[in-house]
Each structure stands twice: as structure tokens, then as C-alpha cells.
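Here are the chains, one letter per residue:
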Amino acid sequence: MMRPVLRALAIFLSCLLLAATPRGAMAQDPFTAALAGLSGDFSEKIEAIEKLAALGDGRAVPLLQALGDGALLVRESDKRLAIERDKTAFDALTGESLGPADQGFETARVNNRVRGVIRGALGRLQLVSPDRAQRLAAAVGVLKTRAADNLPLLEQALAQETDADVRALLQTALAATQLLSDKPETRRAGAQALAGSSDPDVRAMLVQERQSAANDPQLTAALDAAIKSIDDRLVLFNLIQTIFQGLSLGSVLLLAAMGLAITFGVMGVINMAHGEMVMLGAYATFVTQQLFRAYLPPGAAEYSILASIPAAFAVTGALGILLERGMIRFLYGRPLETLLMTWGLSMILQQAVRSLFGPTNREVASPSWMAGALQLSDAITITANRVWIIVFGLLVLGVIVLVTRATTYGLHMRAVTQNRAIASTMGIRTGWVDALTFGLGSGIAGMAGVALSQLDNVSPNLGQGYIIDSFMVVVFGGVGNLWGTLVGSFLLGIVNKFLEPYSGAVLGKIFVLVAIIVFIQRRPRGLFALRGRAVEV
Amino acid sequence: MRFTKFLMAAGAVALLSAPAVAQQPPIKVGVLHSLSGTMAISETTLKDTVLMLIDAQNKKGGLLGRKLEAVVVDPASNWPLFAEKARELIQVQKVDVVFGCWTSVSRKSVLPVFKELNSLLFYPVQYEGEESQRNVFYTGAAPNQQAIPAVEYLMSKDGGEAKRWVLLGTDYVYPRTTNKILRAFLHSKGVTDADIMENYTPFGHSDWQSIVASVKKFAGEGKKTAVVSTINGDANVPFYKELGNQGIKAQDIPTVAFSVGEEELAGIDTKPLVGHLAAWNYFQSVKNPVNEAFIKQWHAFIKSDKRVTNDPMEAHVIGFQMWVQAVEQAGTTNVDAVRQAMYGQKVKAPGGFDSVMNTNHHLSKPVMIGEVQGNGQFQIVWQTKGPIKADAWSPFIPENKDKHADWTYPWVCESCTKPTYN
Numbered sequence: 001m002m003r004p005v006l007r008a009l010a011i012f013l014s015c016l017l018l019a020a021t022p023r024g025a026m027a028q029d030p031f032t033a034a035l036a037g038l039s040g041d042f043s044e045k046i047e048a049i050e051k052l053a054a055l056g057d058g059r060a061v062p063l064l065q066a067l068g069d070g071a072l073l074v075r076e077s078d079k080r081l082a083i084e085r086d087k088t089a090f091d092a093l094t095g096e097s098l099g100p101a102d103q104g105f106e107t108a109r110v111n112n113r114v115r116g117v118i119r120g121a122l123g124r125l126q127l128v129s130p131d132r133a134q135r136l137a138a139a140v141g142v143l144k145t146r147a148a149d150n151l152p153l154l155e156q157a158l159a160q161e162t163d164a165d166v167r168a169l170l171q172t173a174l175a176a177t178q179l180l181s182d183k184p185e186t187r188r189a190g191a192q193a194l195a196g197s198s199d200p201d202v203r204a205m206l207v208q209e210r211q212s213a214a215n216d217p218q219l220t221a222a223l224d225a226a227i228k229s230i231d232d233r234l235v236l237f238n239l240i241q242t243i244f245q246g247l248s249l250g251s252v253l254l255l256a257a258m259g260l261a262i263t264f265g266v267m268g269v270i271n272m273a274h275g276e277m278v279m280l281g282a283y284a285t286f287v288t289q290q291l292f293r294a295y296l297p298p299g300a301a302e303y304s305i306l307a308s309i310p311a312a313f314a315v316t317g318a319l320g321i322l323l324e325r326g327m328i329r330f331l332y333g334r335p336l337e338t339l340l341m342t343w344g345l346s347m348i349l350q351q352a353v354r355s356l357f358g359p360t361n362r363e364v365a366s367p368s369w370m371a372g373a374l375q376l377s378d379a380i381t382i383t384a385n386r387v388w389i390i391v392f393g394l395l396v397l398g399v400i401v402l403v404t405r406a407t408t409y410g411l412h413m414r415a416v417t418q419n420r421a422i423a424s425t426m427g428i429r430t431g432w433v434d435a436l437t438f439g440l441g442s443g444i445a446g447m448a449g450v451a452l453s454q455l456d457n458v459s460p461n462l463g464q465g466y467i468i469d470s471f472m473v474v475v476f477g478g479v480g481n482l483w484g485t486l487v488g489s490f491l492l493g494i495v496n497k498f499l500e501p502y503s504g505a506v507l508g509k510i511f512v513l514v515a516i517i518v519f520i521q522r523r524p525r526g527l528f529a530l531r532g533r534a535v536e537v
Numbered sequence: 538m539r540f541t542k543f544l545m546a547a548g549a550v551a552l553l554s555a556p557a558v559a560q561q562p563p564i565k566v567g568v569l570h571s572l573s574g575t576m577a578i579s580e581t582t583l584k585d586t587v588l589m590l591i592d593a594q595n596k597k598g599g600l601l602g603r604k605l606e607a608v609v610v611d612p613a614s615n616w617p618l619f620a621e622k623a624r625e626l627i628q629v630q631k632v633d634v635v636f637g638c639w640t641s642v643s644r645k646s647v648l649p650v651f652k653e654l655n656s657l658l659f660y661p662v663q664y665e666g667e668e669s670q671r672n673v674f675y676t677g678a679a680p681n682q683q684a685i686p687a688v689e690y691l692m693s694k695d696g697g698e699a700k701r702w703v704l705l706g707t708d709y710v711y712p713r714t715t716n717k718i719l720r721a722f723l724h725s726k727g728v729t730d731a732d733i734m735e736n737y738t739p740f741g742h743s744d745w746q747s748i749v750a751s752v753k754k755f756a757g758e759g760k761k762t763a764v765v766s767t768i769n770g771d772a773n774v775p776f777y778k779e780l781g782n783q784g785i786k787a788q789d790i791p792t793v794a795f796s797v798g799e800e801e802l803a804g805i806d807t808k809p810l811v812g813h814l815a816a817w818n819y820f821q822s823v824k825n826p827v828n829e830a831f832i833k834q835w836h837a838f839i840k841s842d843k844r845v846t847n848d849p850m851e852a853h854v855i856g857f858q859m860w861v862q863a864v865e866q867a868g869t870t871n872v873d874a875v876r877q878a879m880y881g882q883k884v885k886a887p888g889g890f891d892s893v894m895n896t897n898h899h900l901s902k903p904v905m906i907g908e909v910q911g912n913g914q915f916q917i918v919w920q921t922k923g924p925i926k927a928d929a930w931s932p933f934i935p936e937n938k939d940k941h942a943d944w945t946y947p948w949v950c951e952s953c954t955k956p957t958y959n
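These protein sequence lines are chains A and B, in that order. Counting from 1, one number per residue, gives the positions in the first sequence under my numbering. Counting from 538, one number per residue, gives the positions in the second sequence under my numbering.
Be aware that a few hints might be false.
With the Cβ distance kept under 10 angstroms, some of the chain A side facing chain B (calculated, not the full set) [as the list claims (entries may be wrong)]:
| id | residue |
| --- | --- |
| 1 | 113 |
| 2 | 119 |
| 3 | 209 |
| 4 | 210 |
| 5 | 238 |
| 6 | 241 |
| 7 | 244 |
| 8 | 252 |
| 9 | 351 |
| 10 | 354 |
| 11 | 365 |
| 12 | 385 |
| 13 | 455 |
| 14 | 504 |
| 15 | 506 |
With a straight-line Cα cutoff of 20 angstroms, these simulated EDC-like cross-link-like pairs (lysine to aspartate or glutamate) come out [unchecked claim]:
| id | chain 1 | residue 1 | chain 2 | residue 2 |
| --- | --- | --- | --- | --- |
| 16 | A | 144 | B | 789 |
| 17 | A | 144 | B | 758 |
| 18 | A | 144 | A | 201 |
| 19 | B | 760 | A | 224 |
| 20 | A | 144 | B | 698 |
| 21 | B | 754 | A | 224 |
| 22 | A | 228 | B | 758 |
| 23 | B | 754 | A | 201 |
It is worth saying that the hints were derived from the structure and are not from the lab. Think of the CB as a built atom: it goes at the ideal place given N, C-alpha and C, for glycine as much as any other residue.
Next comes chain B alone, as it looks inside the complex:
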């Protein structure tokens, strides 16, 4: 009797201690998205996306036998605060990886912190390129995966053979750099400066009357005119309202936008805007099983089937999945080991193709052009046959000649013309 009791007790202890041994500290994942201020409209959704992904991973049993734990901070759309919060995440909270940032100016603000503390940032938004940091993985589009194909589309027969170009943007680094690249590209296609109009407005600009009127006037020169919009954030809503009110039809002057997705259209009546375009690497309307599962998962997590999905969310899905695979492959969350394991990671993306992480820290992704529909969704009117590899340095800018971004042997550099080791 006594012996069996002893055995039972030993068994119980063993049973209890087995999980206790496996109960290692959780892997911490930092989430660095503005939950207040001007960018909250776009970034809050991304925070929810990361939480959803962590939740799903934990339900699958975590990572390396450890649970994942999200550490959410709010940098409040305040660019210097981004750097402080990044430092807090890495030094105080000791997170193993950070998913975050939206605007280029917030990314630029955190770069030195990630470099100094050697941590990893996954940046999910399309941006102006001209960068390839060792501590950042860029899961959004570079200009050659968004801006250039969109302009090429508008030049094609289906896009209306545009000959005159209006470049509208918000006044900060992303639109100005993108437009610099676009102007160089248009020059290479024989478009003269007389046929290009550039205009910048402040963040949150709300009175678009005179700008829309001047676009109309610019279009009255007998050549097919198209608008390329790098307007960011809130200002898009009054801009599109004004386009609709002034009766600018997409058949006459199409507008292609690089920062307007399903989420931004959620606040507008899109019926007057049918036919205006957006270029992304993903639309909610993409039809494939991976995307259907993603949308379903999102609706279940956010407990509303009215919420939309968009391109930066997809970028986080890809980035998170790649990071998980890289950690599993490396068997550790050590930054240097994970970075090595990241190269060549492949993920079946909701956008419908295998996305691959390249050694320049950018993805290969398909490019899609969508037309706005009356229900606030996009209908894809053109897409590349397969994924396009991102150029960190745009070949259309003369100074970028021969610049190379590659973090593997023998190159190992952000921008060099010769391999560092040879």
C-alpha cells in the first residue's frame, strides 16, 4: 500500500514538474504602432493584426516550446517618441523582435536605436526605398513594386495612355523621394517637365478645392492626364470627396494612389470614385484559400465582419510568419542567428504567391493595380505574372548607379559598389 502511494505521489510530482521544466519564460514581441494621434487611424489596425498573429501562434503551441507575449507601447504619432519607445522595448522589456512604424519619418527616427542595440524591426508599409538597414526587414513595397508599375499601367492602352502627370503628395520624405524617382522614370520615358506638375500639401490638409481645380486646368491641355497621389493619412478623405464633388470621373482623369487602401476608403462614399486606382501588393478582394482564411481569422479576432483587411496588414502576416520560420530554423531568438535564417524564407502570402525574403532585406511580391468599387473594395484590373524583387536603390536615380544592398557574403553592406570582402 505504502509503495503504491509512494509511486502515485512520485508520478504526480513527475506529472507536475514536467510542464514546469518546459515552462520557460515567454518570447517577447514588441509592437510599436501609434494608438493615438494622426496615424492612429492606420496603425491601430496593425497593432491588432500582430496581436491576432501572436494569439494564433500561441494556440498552435507557441514557438520553440515557449509562449509568445506581446508588449504593446504607444508612440502617439510623435516621431521622437518612437525612438524612446523603441529603446524601452529593447532595453527595459527585452523584446526579441519588434513589429512597428508606419510613416518613413518614424522609421528614420528608430533606425539608430535598432542599430545601436542590435535588435530586429519588421516594417510593414510601402515606402520610398533608398535604404537597407541591417536591423530592419522591409515587408512593404519598394518603389519598383508599386509606384513604377502603377505609372507604367497608366501609360499602357488599358490604363488610358496618359501623357501628362500630376504628382500630388503630402509634404514629407516619402512623397518627395517617390516623386523624385517617378520624375526620373518619366524623363526616361520621354515625358518633359512641362507635362509634369508637382504639388505638396501638409499632413491633414482639408481644403482641396483649388488643388483639384488646378488639376482640372492642367488636364485641359489636350493630352490625357493622370494623377499620381502620395497623399498620406486623413487628408485623403476630403481629397476624394472633392474629386467626387467636382465631378472628376476616372475615365477622364484617373487617380492612382499609393497610400489608400480598404481601411482609408472605409470613411467615404465610394460611388463617385469608381474607377480611381490604387497600387498595392495585396487587396482584400484577392481570391485564394490563404486570403480567405486570413480574412476569416481577422473577422473572428476583431469580432466584426465589417472590418476590412489591407496591404500593410498582409505585410505583417508575411513578416511574422517569416520570423516564426526563421526562429524555428535557427532554434533560438538570437538576433544574429535569426537574421541569417531570414534570408530566403518563403511564405504563402494572402496576396496569392510565395513571398521570398531577399538578402537586401526586402521581399519579392506581386504588384496589383485595383480600381475602386462602389462598395469600398478594389477590383484588380492588372497584376504582374509573379512576384517582383524589390530594389532597395532605385536605378532611375543617377547617384544610385551600381549601388548594391546585400547583407550576405561577399557584399555585406547597405550600399556599396564593390563587395566588402573579396
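One chain only, chain A, in its complex shape:
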């Protein structure tokens, strides 16, 4: 009974309020006045953004976000601000539609400096936002653009914050801001509080303060202690990070080399066109993605990469079988001819792809579930796509091991590898086993291409970069041994990543190559020697 009456009253009151506000006052309202600056040049924009942040008016948030995203429009005729959504301009304050965005509007430009100021301003404005993600972003913004006058705001936000993650970030931001205070004890407190951090950015701030704090021995001591404690922690984190990078490089090497471990390792074919199989796999990924985009609903393209795994395997596997039956089988036992022929083949395949798809890189978009990074701690960023590729590499290895160990075809393959004559007398069609094995190796190379399309350029030259590394891994790990390939690739990856910071990428590679040559001198059959056809030859 009471409700409708109350609502009517509320409406009536708000109407009264609106009517009471004189029209002219709108124009002089400091918020609207500050907005005008957003259509000016870079320094006028910065001034306007700082004013908006100081006013603390929540209406500025969508405006500033739009400005940062390049979606804020200025109408050329009357400088009216609008926000672009789906190619339509909406008034920045009232939200009314102003027609298509490409007619009579100009995008308000920003540069890095303006973006930095926006981040700080949004941080101030959103510290007490009801949305957790916004508060997190705000805390980061306030932390990165430290300003002494944020202190009371941060204290207030911290007092009412309940979420643990946001609290932690706010505390860091508060301490980092305290460093800027003009009271020595507040600065010391800030330095002490930051000692527990492991964020390289925080370390940078401490170092910066350290440079200007020479005349306060207590403060310098506190700063030094904080920097040292962060450094101690960073040593461990850096180690973890380097190992991860090594594993990631290793997984790429593993993927690239696994197919070769079969065609070269098991069958003994020096296959110079192996890299091109990888490249074709990457192009298969590209084509699958294009088909998904063209024929399936928009959301499906996110998962095209899953469909491209069997597609790439089928394409390159079939090509492998065709090559084996058509050419390679005539050259068994003649390594030099095989080398030259497959090398020529690699050039033909490259040029064919170049003529078909053009010489420029093709974009294979990363699905959103593979993009970005996992922030394990402030100091360790692990990029998501690399985690997926490590997982994928190990999965593929698992499948190959299963196929060779647990299927009849695998049994035949091993039989033919170990003793062709006896396998043949037992009724195994050795010719077809050869073809299938070469097909399997090529197919796996194709699957590697799917993974590499996420890391490298999809261009006709893609395979070139991996052929040498693949041979290196297979020879190092022990020709014909999958476990050798696994251990070899991860070992090479990790050694490479530990060397790189000291020697640089070029010298690092040379060191690794020399080390492998020396190693092969001592153990000509690699880490894990195996008996097989390669040994007989």
C-alpha cells in the first residue's frame, strides 16, 4: 500500500529538484567545464583528466575509459563529446544516439602520456567501485601513477575493502604512495611495508626513492633493506622463470623434432622437407580458421584451433604417404640422393605455398583462452599459450608412444625397423608400413605446425627455422629413440635459456652447437642409443 505512494513522492520530488536547477548552472558546473578540455590537444586533455579525477565524479569513468580505448568522439560542428559503440555515436552524458560514428565525428586522440594520466585518474575514481575487477585495475593504476594526494583516498578505500586480493594490492599502493609523503616517518613506514613485495615495479620505485633519499640515513637503511629483501626473493623467481622458459623452448623443439624422430630416427630418411611439413600444418591451421570464420557462427572460431589439429595431421600425413610412395621409397639406402631430393622438394613446397597464399605472413588469431599470461606472483609471468604448447607437446608424445607400443601397426613398425627381412617373412607388408610410418612422421610435423602458428609467423619460410634444430635434437637425443628426443629437447631448451642472458641469443646458439658436436664425438649415438635400421646402415 505504501510503496506506490512513496514512489510517486520520489518522482515528484526529483521533478521538483530538476526544475529547481537553473539551466545556466549546467554550463558552469565544474564537471562540464572540465569535459571541454577533452577535445583539446594533449596537454589540454591531461589538464582536463586531472581536473575530472580531482572532482571524483563517477560520470567521468565511462568517458575516460572510452578516451583510453580510442572510442571517444568529438563532433566537429559543436565539439560535443560522444562515445562510439558498434559504429554509432552516443552522447557521452545523456546516452542519446547521435547517428553513425563516421559522419561528422573525429576520434579524440591520445598518446602514451595521456594514457598514463587516464590510468591514474581511473584509479582514483574507481577505488571504491562496486565491481571487483574495476577495483583491482584501479589499485594497479594508483600504484603505477603514484601521487602523494592519493594517500587519504587509499586509506579510505583500504578501510572499507573486504576482498583479500584487492586489499593486498591497495596496501602495496598505499605503501608505495607513502614513499612520496613529506613526513620522514611515513616514508620509512612505506619502505618497511614494501619489503614484503616481490614486484619488480615496486623494486623500481624503491630504487628511485633511494636515489633521492641520501640525506636521511634511517630512510636509506629502510629502503636498502626493502630492496635487498625483494632481490633475494627475485633470485628464486628468476630461476623458476628461466626454467619455465627453457621448458617452453624445449616443448617447441620437441614438437618440431618428434616427426623427424620418426622419419629420420626410425626410418633413416634424411628428410630436409620436414620443416615444410611443419609449415603446411601451420597453413592448415590458417585455412581451418578462415573456414570457421566464413561458415560457422562467430563464437566457433575460438575453437577452430582444436579442429585444425586433425586437419593438419590429415593433410600433411596424406602428403607424407604420397611422397614416400611416389619418391622416397626409390631412394632407400642412398642418403645423399635422399638429402638432395627432399631439399629440392622443400623448395618446391615453399614456392608452391608462396604462389598459393602470397609471400606475406598470414594471421592465425590466438583464441582468447590461449592469450594473455598467468601471473603466478608479481615477478613470474607465464604466458598462457606456452603452457598450452607444453601440454600439447607432451600429449602428442604420449599418443605416439601409445601408437608404437600398444597397437598392431606400432608392432609392425618396430618389427620392420629392427629387422626388415624377418618382418617381411612374417607376412608384414613392409612397403605399406614404411609409407604409414613416413605419413605418421609427417602428420606429427603438421601438428607441430598448429602449435607453432601460435608462436611464430605463418609464412612460407616457417619451416626453415626449425629444420636444423630438429636434426640437432634428434641426433643429440639418440637417433630412433623418442625418450631421447624428449630429454634432448628439454635439456637443449633449458641450457639455451640459461646461457642466453650471459651470451646473447647468437652466441648462445653457437655454444650449444659446439657443445653438441663435442658430445657427439664422445657418444656418437646420442644420449640414448638404440638398435635399429639406422644402426645397421
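With chain A fixed as given, assemble chain B onto it according to the hints.
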């Protein structure tokens, strides 16, 4: 009756023979760009640009009443093959001018051929300078038209007042020379060696994890850090992907690149890269009628309006136009006559200013700094007020003191400290 018939026949003969007299052999234009191998990604577009320019010139009636004919060869990103193909173009095909090369190492490989056979090469790519050959016209930027202004921008308030510098490059002559000049320049601005990090990677490097991580670490020393990238070719794509994935924002560590244009960005999702910078003398986003006409012409020629234009393409447009003007002025395609006529040629460039060919065989061009946008284009955030004259010899390298590049009287030299004739 008979007489009129005779007259008609004579008229017909005259009509037929008139064009036959004008039908001189075509002027041959050599195109020396890799259409295969690692550099094909960048150079194929330049080949298409020259073909487009020749096509347009022929539609205007050719040059000196003769048609232009393109002779395209493929040096396949193989540096010694560049020299062989250059020789083939000049000696066998008898071309009157060559447009070509991208990497400095390919240019260095063809220099002796052009010198020996006295032919002309138009080289369209920004490069490290320290050169001014009599047989080459350099239509790309010298370091003072690209690298130095870019670093100055990053030092300015708008650029973020960078104090610490990471110089990343591909391991060959261009990045190493450019970084040598930049290091000397940074020293002159009071930057110490402790605040400079240099790192080189091979062509086609694809695993950038540890380098990007070390950049992050280098930046953690309390001073604003910026990255100057002379990374060339394919390696840029995985580099930028890694920057995006590791969450390095342009507000925190801006990266300015000298070899990344619209074409190179075409293969990447640029949303995580918004705000990273590139320095060039031209961007597709430049707004003026000449550029609009150029983009329109390119889209019509390549039959796709998705294709982008970039700085080296613009350099070919300028170089080709200048060569056409010089030939018209000289009235011949003779190399020595055309070379003389080249000096002082002026062209309204798509970049928005009059570009002028100087007597050191380099251009005066405006410098622009652009920020990467979400759509793969650049937004210009800074540019010079007018064209800047190229220095063939960087004054920041001590050995270059008083070195002069000038091919007109009384200097006539690539690098002399005194005029040859006085």
C-alpha cells in the same frame, strides 16, 4: 578517281607510318626485389609498387614518347645473387635504371656492379647511412631522419622522458651501425653506458621470452625505460606477440621501431600493442590529397582495399617520380645526364611535403612518429615542421668529423674533408 585512290592510299600509309616512326624501343626499368626467401614478405610489395608506377606512367603516354617496360628479376633473398642479378639487368637486359634492394647487406653486394657498369640504383629503405655512392639514390631515411628524432621524442615530456635505453636489433650491419650512432648520440645527451643495454638476435628469431623478460628486469631500476628496436623482418611478429603476452604496456615501457610498418603489423593482433611507436617519413594514416590518391591507386592496382601502404613504398613513389622528371628534363635516359638532372628534383610526396633530392644523393623528408592503433594503423603523435635534410655521415660518430658527401662541383666525392676541385 585514280588520283583520289592514290591520295587515300598515301594518306593511309602516312597514318600508319607516323606511329611507326614514334615506335621507338621501350625504356627498360629493372626491378631488383626478392620475391622468395625471408625478405619476400617486405620486398614483393615494392615490386608491385614499381609495376604500378610504370603502368600509370604508360597510361600517361610513357616517357620521352617511349613506353616503359619493367624487367623483374628475383634475387631470392640471397645476397650474392643480388650482384649477379644486377649485372644481368644492366648488361644483358640493358635497363636504364634499377629500383631495388631492401637489406643493407644486399645493397652492399650490388654497389660494385653499379659502380663498374655506371648504372643507377634507387634504394627505397631507411638505412644506417655512412654511404653516398655516385650510382645510388637513397630515397629512404638516413639515421638523422628517423633514429635520432625518435630517441629525442622519447626523451621529451610527451614521449615519457626516458632515461634508460634498451637497443634491440637483428644481428647485421644496419642495426649495429644504427646502434653505434645512437649510443654516441645518447652519450652526447649525458646517458651513461650503465643505462644502455644492447642485444642482438639472428634473422628470424622466434623465442623472445628471455629477452623480453630481461628488458622488464632492466626497466626495474627506477628510471623510465624505453626500447629502441632495429629488429628486421619476420622476427618482429613473435617479438610483439611476446610483448603483448607478457603484458608490457606502452605507458610503462614504450618500444619504438624503425623497421616495423603497416605491412609488418598486418600479421598481428595489434590491440595489446596500442601505444608502441614507430618512426618513419610516411604513414598510411597521413591525411592529404596526394596520399589519398596514392592509396586509391594502390588499391585499384592490387585489386584489394585491404592492402596497406607503407614508407618504403612511398620512397619508391618519390624516387620513380623524380627519375621521370629528371629524364624529361635531360631529354635522355643517359645515366650521367639523368644523375645531373636529379639534383634538386622536387616531388609532392604522399607524406605531405615537397621532397627534394640533395647533392649527397639523399632526400629531404619530414620525420613522423606514430603510435600503433588497434586497427594496425599508426596515429601520428609527433612530426617535424618540415622536411629534414639527410646526413650521409652521422656527426655523432667522431671519425665522421668534417666528412662531406657531395657529388657536385667543387666537392664531387662520397666522403672528403676538402673539395676535390679548388
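Okay, the hints, checked on the actual structure:
1. 113: Holds: closest Cβ of chain B sits about 5 angstroms from residue 113 of chain A, inside 10 angstroms.
2. 119: Nearest chain B Cβ about 7 angstroms off; hint holds.
3. 209: 8 angstroms, holds
4. 210: Constraint on residue 210 of chain A satisfied, holds at 7 angstroms.
5. 238: 8 angstroms, holds
6. 241: Holds. Min distance 6 angstroms.
7. 244: 8 angstroms, holds
8. 252: 7 angstroms, holds
9. 351: Holds. Min distance 6 angstroms.
10. 354: 6 angstroms, holds
11. 365: 6 angstroms, holds
12. 385: Hint on residue 385 of chain A: holds, closest Cβ of chain B at ~7 angstroms, below 10 angstroms.
13. 455: Holds, about 6 angstroms.
14. 504: 6 angstroms, holds
15. 506: 5 angstroms, holds
16. A:144 with B:789: 9 angstroms, holds
17. A:144 with B:758: With Cα atoms ~14 angstroms apart, residue 144 of chain A and residue 758 of chain B stay inside 20 angstroms; holds.
18. A:144 with A:201: Holds. Residue 144 of chain A to residue 201 of chain A sits at ~8 angstroms (cutoff 20 angstroms).
19. B:760 with A:224: 17 angstroms, holds
20. A:144 with B:698: 16 angstroms, holds
21. B:754 with A:224: Satisfied, since the Cα-Cα distance of roughly 18 angstroms is no more than 20 angstroms.
22. A:228 with B:758: It holds: about 13 angstroms lies between the C-alpha atoms, which stays within 20 angstroms.
23. B:754 with A:201: 9 angstroms, holds
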